[in-house]
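Asker: With the hints as extra help, turn the sequences into a complete structure.
Residue numbers (our numbering), protein chains in the order written: chain A, 1 to 427; chain B, 1001 to 1511.
I should point out that these hints are in silico values taken from the structure, not numbers from a laboratory.
Even glycine gets a Cβ: it sits at the ideal position worked out from N, Cα and C.
There is no bait here: all hints are sound.
DEER-style ranges, computed between Cβ atoms:
no., chain 1, residue 1, chain 2, residue 2, range
1, A, V113, B, L1059, 23 to 29 angstroms
2, A, S115, B, M1366, 47 to 53 angstroms
3, B, H1200, A, S115, 45 to 51 angstroms
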Amino acid sequence: MPIHIIDRRLNPGGKSLENRQRFLRRAKSLVQGAVKKTSQERDIKDVLEGGEVTIPLDGMHEPRFRREGGTRDMVLPGNKKFIEGDYLQRSGQGSAKDSGPGEGDSEDAFRFVLSRDEFVDLFLDDLELPDLAKRKIAQTESEGLQRAGYTTSGSPANISVSRTVKLALARRIALKRPRKDEMEELEAAIAACTDEDERAVLLAQLEKLKAKTKRIPFIDPLDIRYRRFETVPKPVAQAVMFCLMDVSGSMSEHMKDLAKRFYMLLYVFLKRRYKHVEIVFIRHTDRAEEVDEQTFFYGPASGGTLVSSALQAMHEIVRERFNPSDWNIYAAQASDGDNSYSDGELTGMLLTDKILPVCQFFAYLEVGESGGSAFDLSDSSLWTLYDRLRNSGAPLSMRKVSERSEIFPVFHDLFQRRETVQEKAAP
Amino acid sequence: MTERLFEGADWDFHTLQRITDACEEVALKDLGLDVYPNQIEVITAEQMLDAYSSVGMPLFYKHWSFGKQFAYHEASYRKGLMGLAYEIVINSSPCISYLMEENTATMQTLVIAHAAFGHNHFFKNNYLFKQWTDADGILDYLDFAKNYVMQCEERYGRVEVERTLDAAHALMSHGIDRYPGKKKLDLREEEKRAGRRRQHEEEVFNDLWRTVPKGTAKTRSAISLERRRKLLGLPQENLLYFLEKSAPRLAPWQRELLRIVRHIAQYFYPQSQTKVMNEGTATYVHYRIMTKLHQQGRITDGNFLEFLGSHTNVVFQPEFDDPRFSGFNPYALGFAVMQDIERIVTNPEDEDREWFPDIAGKGDVMGVLRDVWANYRDESFIGQFLSPKLMRHFRMFHLHDDPEERAGIRVDAIHDERGFRRVRRELARQHDVGFIDANIEVVDVDLSGDRRLILHHHVIKGSQLNETDTKRVLQHLADLWTYDVSLIEVDASDKVLREYVVSPRPITAAA
Chain A
1 MPIHIIDRRL NPGGKSLENR QRFLRRAKSL VQGAVKKTSQ ERDIKDVLEG GEVTIPLDGM
61 HEPRFRREGG TRDMVLPGNK KFIEGDYLQR SGQGSAKDSG PGEGDSEDAF RFVLSRDEFV
121 DLFLDDLELP DLAKRKIAQT ESEGLQRAGY TTSGSPANIS VSRTVKLALA RRIALKRPRK
181 DEMEELEAAI AACTDEDERA VLLAQLEKLK AKTKRIPFID PLDIRYRRFE TVPKPVAQAV
241 MFCLMDVSGS MSEHMKDLAK RFYMLLYVFL KRRYKHVEIV FIRHTDRAEE VDEQTFFYGP
301 ASGGTLVSSA LQAMHEIVRE RFNPSDWNIY AAQASDGDNS YSDGELTGML LTDKILPVCQ
361 FFAYLEVGES GGSAFDLSDS SLWTLYDRLR NSGAPLSMRK VSERSEIFPV FHDLFQRRET
421 VQEKAAP
Chain B
1001 MTERLFEGAD WDFHTLQRIT DACEEVALKD LGLDVYPNQI EVITAEQMLD AYSSVGMPLF
1061 YKHWSFGKQF AYHEASYRKG LMGLAYEIVI NSSPCISYLM EENTATMQTL VIAHAAFGHN
1121 HFFKNNYLFK QWTDADGILD YLDFAKNYVM QCEERYGRVE VERTLDAAHA LMSHGIDRYP
1181 GKKKLDLREE EKRAGRRRQH EEEVFNDLWR TVPKGTAKTR SAISLERRRK LLGLPQENLL
1241 YFLEKSAPRL APWQRELLRI VRHIAQYFYP QSQTKVMNEG TATYVHYRIM TKLHQQGRIT
1301 DGNFLEFLGS HTNVVFQPEF DDPRFSGFNP YALGFAVMQD IERIVTNPED EDREWFPDIA
1361 GKGDVMGVLR DVWANYRDES FIGQFLSPKL MRHFRMFHLH DDPEERAGIR VDAIHDERGF
1421 RRVRRELARQ HDVGFIDANI EVVDVDLSGD RRLILHHHVI KGSQLNETDT KRVLQHLADL
1481 WTYDVSLIEV DASDKVLREY VVSPRPITAA A
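Answerer: In structure tokens, the structure reads:
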């Protein structure tokens, strides 16, 4: 009898991926809740690593007709001392009771592992940049060109030589057009030939081949192909996020840690959710500088505090690179709230006159010492200033954070999808 | 000396071939087994997990519940809570056995003997499998089912298809024909028929008929109860079949989905009735083959000891007060009874002659066993072949737990002269599927009234249905039926214990 032995190990894996996605889609709200709960207890780097979550089984339960209760009979192995007619106590160690057919009710939670991508996607799922896609949407849409295969007609500039030659070659082979070396061989044979009769035959053959060569052109108009282009609308919803971080001496390690965590989340969020979002990192002491992300997150710096310097820097960058009529501009600022007394007025002016008018959304995160001592004190100078601005209707959101565990809720709070606001803002 | 099949733990595909040939020689010549052609596939742990989540089948339609299974298995596997099976075997022709790549050469031998010959013989010869499953057609049918579900999703939307499948899955345990009668299922034919059904519907569809006035309505009392029940084929315990044929507002594709789920449930029905026998057979066969290979010198003493280690784990039966106890281990029970049959046939005692006059001392072990494998299921197998000696060996006892009884749980019988028959009868009953599943059937449809579907649950020994689950299942049932559904629980004296009434959810009403 023939036996087939097959090695399936190299077959593509992930056969149940589709089923898994269906399961996650179905359990989405449950899993999302679980993800948020888990993420609060974790370090930011771990959050993005995925991991195990637990969801209540209830929503995912598959019901069946199940019987329960009533009189039960069972046969068990391992009798040691019972004789017929004995009675066993029901409660307590009556192990016989527990060992009956398993009831599924006790299994109220369902644990499983999410991959990194699944975790982050779910974590960021209900977040978005508020009020995106503003201004130029109604005006002219810019268009770009994109390659889209080949066409039989077009401008000579767009002829695709390789494609044309390829088709011509195929056609020549198919129609058996005589090759050059074939002809040369025949001519050589004629030249070397002495016998008249044979020569006549060869000449006739040559004539035939020549006629065929004429009939079947080397390149036919049929072969010619042009590169095709399609116009595609370019997204106008361009956005830029300014990350302004205070790194002055008054910021303790703990505060910097909080601020960096916040930006790290923001960074991951923007990178994953939006293709066309630019991020500008600005850090400041009493001077502000634009830095790359590496320096922003890991570079050391210290000094005094002038918040206006950062705002000034942002204003200049906007003027140079991001025309407010084309760009959606966002800013997130993190600071301990300290500012030089003399700088308050300038900061307020910059914000009201230059920054806020061009911003879709401005988030301010005030970081405090662990234990919340900062909260007992009166509001910081920046907080007071921003509070005043917000009350006068500026698009400003403000939150205070003093513990690591608060970062996630606050972040969610700031960037939560706001359906109602959007709808109001749209018309 | 005969050549060794392999040295050490490593194997390659030539080794597998040699092993299979050697096993086949023993299986066919010494044991006289009759098997489907074998197909052996080597897979990785991840593929094994994949297989777990689609009830072991190599291809299956997509559904979220399989994803849930997968997530669950994967989580417990990663944490080391659960080891994976060494193999999975599929009742098909050719008989497909999956082997894990991590297995050592000895384990591969064990697994090939176990699955490719033990299970394979049982699948091919047991009367239940012959009656209810179509080994030739199952893979094609699963392929058809998978594609059909996919097409439905494209045409009617994933949500709709999922809803129908959810409902069908909930009723799956009651989508089985328990009594033979109709002709054997031919799954290949099934696939063609699905196509023909659709084609026929398209051909005979005539829009004109829609506008033709309906005939005058029959007077309500015109159809007698008896006639009505006959028309609808009542009482009917195959709920899925009933819905497929009689639910008034299901779309053709929904009926086809119910049919697919029903066929698959039916395909697995014999397996649930023969767990002890199936595993017992496979274990007995691998034990015989491995012993023979060792005797022939084709595997070393070391390999044989390794085999005995795994074998002992497989047939380990914890006692009832052991924390590891979770019911009878089908491998242990099945293997023990079959070895006991071997003993009775070859070397019976007086007790055995009295209990098993037909087989005691008959001499032809394999003849008797092959007959047992072909003609019994768990219930009848235990009911006939569990010997007093084995009951003493396992120290079996029977507990009777009546909630009304204040004194506690009564020990009804133990492994003594007075108790043997009662213990055996009870154990056999524990393995009777007809006894384990709730006995639910459609008894009537209120055709003249609100078209309510009426089901009865015949309560046995006071064991009623779990309330939350029942409501949910009935909800699914009502969604398919699209009118009210009521389930009445009645006891043996027709006393109504409880009544559920569920109305369909409005979404599905738009059929």
